[in-house]
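Please work from the sequences and hints to get the whole structure.
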Amino acid sequence: GENVEQHPSTLSVQEGDSAVIKCTYSDSASNYFPWYKQELGKGPQLIIDIRSNVGEKKDQRIAVTLNKTAKHFSLHITETQPEDSAVYFCAASINAGGTSYGKLTFGQGTILTVHP
Amino acid sequence: DTEVTQTPKHLVMGMTNKKSLKCEQHMGHRAMYWYKQKAKKPPELMFVYSYEKLSINESVPSRFSPECPNSSLLNLHLHALQPEDSALYLCASSQDPGGEYGYTFGSGTRLTVV
Numbered sequence: 001g002e003n004v005e006q007h008p009s010t011l012s013v014q015e016g017d018s019a020v021i022k023c024t025y026s027d028s029a030s031n032y033f034p035w036y037k038q039e040l041g042k043g044p045q046l047i048i049d050i051r052s053n054v055g056e057k058k059d060q061r062i063a064v065t066l067n068k069t070a071k072h073f074s075l076h077i078t079e080t081q082p083e084d085s086a087v088y089f090c091a092a093s094i095n096a097g098g099t100s101y102g103k104l105t106f107g108q109g110t111i112l113t114v115h116p
Numbered sequence: 001d002t003e004v005t006q007t008p009k010h011l012v013m014g015m016t017n018k019k020s021l022k023c024e025q026h027m028g029h030r031a032m033y034w035y036k037q038k039a040k041k042p043p044e045l046m047f048v049y050s051y052e053k054l055s056i057n058e059s060v061p062s063r064f065s066p067e068c069p070n071s072s073l074l075n076l077h078l079h080a081l082q083p084e085d086s087a088l089y090l091c092a093s094s095q096d097p098g099g100e101y102g103y104t105f106g107s108g109t110r111l112t113v114v
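In the order they appear, the protein sequences are chains A and B.
Counting in this note's numbering, the final residue of the first sequence is number 116, and the numbers go up one at a time with none missing.
Counting in this note's numbering, the final residue of the second sequence is number 114, and the numbers go up one at a time with none missing.
What the hints contain is simulated information worked out from the structure, not anything from laboratory work.
All values derive from a computational prediction rather than experimental measurement.
Among the hints, a few may not be true.
Residues of chain B clear of chain A, computed beta-carbon distances all greater than 10 Å [claimed, not checked]:
(1) Thr7
(2) Gly14
(3) Pro61
(4) Ser65
(5) Ser72
(6) Leu73
(7) Gly99
(8) Ser107
(9) Val113
Facing chain B, according to a computed beta carbon distance under 10 Å, are these residues of chain A, among others [stated by the list, open to error]:
(10) Tyr36
(11) Lys42
(12) Gln45
(13) Val54
(14) Gly55
(15) Ala91
(16) Lys103
(17) Gly107
(18) Thr113
(19) Pro116
Just so it is clear, CB atoms sit at the ideal spot from N, CA and C, and this is done for glycine as well.
Structure (structure tokens):
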């Protein structure tokens, strides 16, 4: 089955700096790569996702890049703010559409702390 | 409505109790999921319901019993749980079982078994 590895496990930055979290996946058939932010006591919230037919996607301060050949994808957060502090999970899935079953495989998570 | 709503938010139960967790979505999503999340770990898939039918059971012990009464509701019935079952239980939904349009998670039920 799919295996997703995520690094680093903890990341501490100063407000205004950039933060980068990296993930690798094992199954070359995976084609959907979401990133989730989880705050204490809450469920995971989708912050950005990318599909295998796209190499990069941006949404304001957040960007994700995908290298299908190397089977890795990264989350980039620029101009970090204290409210960005949370646990971030990457995930990979094979989405065949229709009635085929997709299954999210999560990375182990990164605890991001942004210091004011 | 773009949310997955879970109740209760917190639950404490004894090992001989029977309780149920409830999940509701009104986005017209046809697949719903139960995940278990231990502290400082990623969510782990337990069950998948597709078009109101149980499609995937990830070898979950029978003391956890899922139910999907209709396309908007998902329940998880709990009986004779163990302290190690204490965790955050997350419900999620997707427009189709393939997850082609992504997954929406609820805020979870924090379960403590005493």
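> Does the no-contact call for Ser72(B) survive, Cβ to all of chain A over 10 Å?
Replying inline: About 18 Å separates Ser72(B) from the closest Cβ of chain A, which puts it past 10 Å; holds.
> Is the shortest C-beta separation between Gln45(A) and chain B less than 10 Å?
Replying inline: holds (7 Å)
> Going by Cβ atoms, does Ser65(B) stay more than 10 Å from chain A at every point?
Replying inline: holds (21 Å)
> Close enough to count: is the Cβ of Ala91(A) nearer than 10 Å to one in chain B?
Replying inline: holds (8 Å)
>> Less than 10 Å between beta-carbons is the criterion; does Lys103(A) satisfy it with respect to chain B?
In response: Holds, about 6 Å.
>> Holds or violated: the hint that Gly107(A) contacts chain B, with Cβ atoms closer than 10 Å.
In response: Holds: closest Cβ of chain B sits about 7 Å from Gly107(A), inside 10 Å.
>> Minimum C-beta separation from Pro61(B) to chain A exceeding 10 Å: can you confirm that?
In response: holds (20 Å)
>> So Thr7(B) supposedly isn't at the interface. Is its beta-carbon more than 10 Å from every beta-carbon in chain A?
In response: Given a closest Cβ separation of 13 Å, the condition holds.
> Can the hint on Lys42(A) be confirmed by a CB-to-CB distance to chain B that is less than 10 Å?
Replying inline: Nearest chain B Cβ about 5 Å off; hint holds.
> Would the hint on Gly55(A) stand, with a C-beta cut-off of 10 Å toward chain B?
Replying inline: violated (19 Å)
> In terms of Cβ atoms, is chain A entirely out of 10 Å range of Leu73(B)?
Replying inline: Holds: least Cβ distance 18 Å, greater than 10 Å.
>> Please check whether Val54(A) passes as an interface residue: C-beta within 10 Å of a C-beta belonging to chain B.
In response: violated (14 Å)
Going through the hint list in order, the structure does not satisfy hints 7, 8, 13, 14, 18 and 19.
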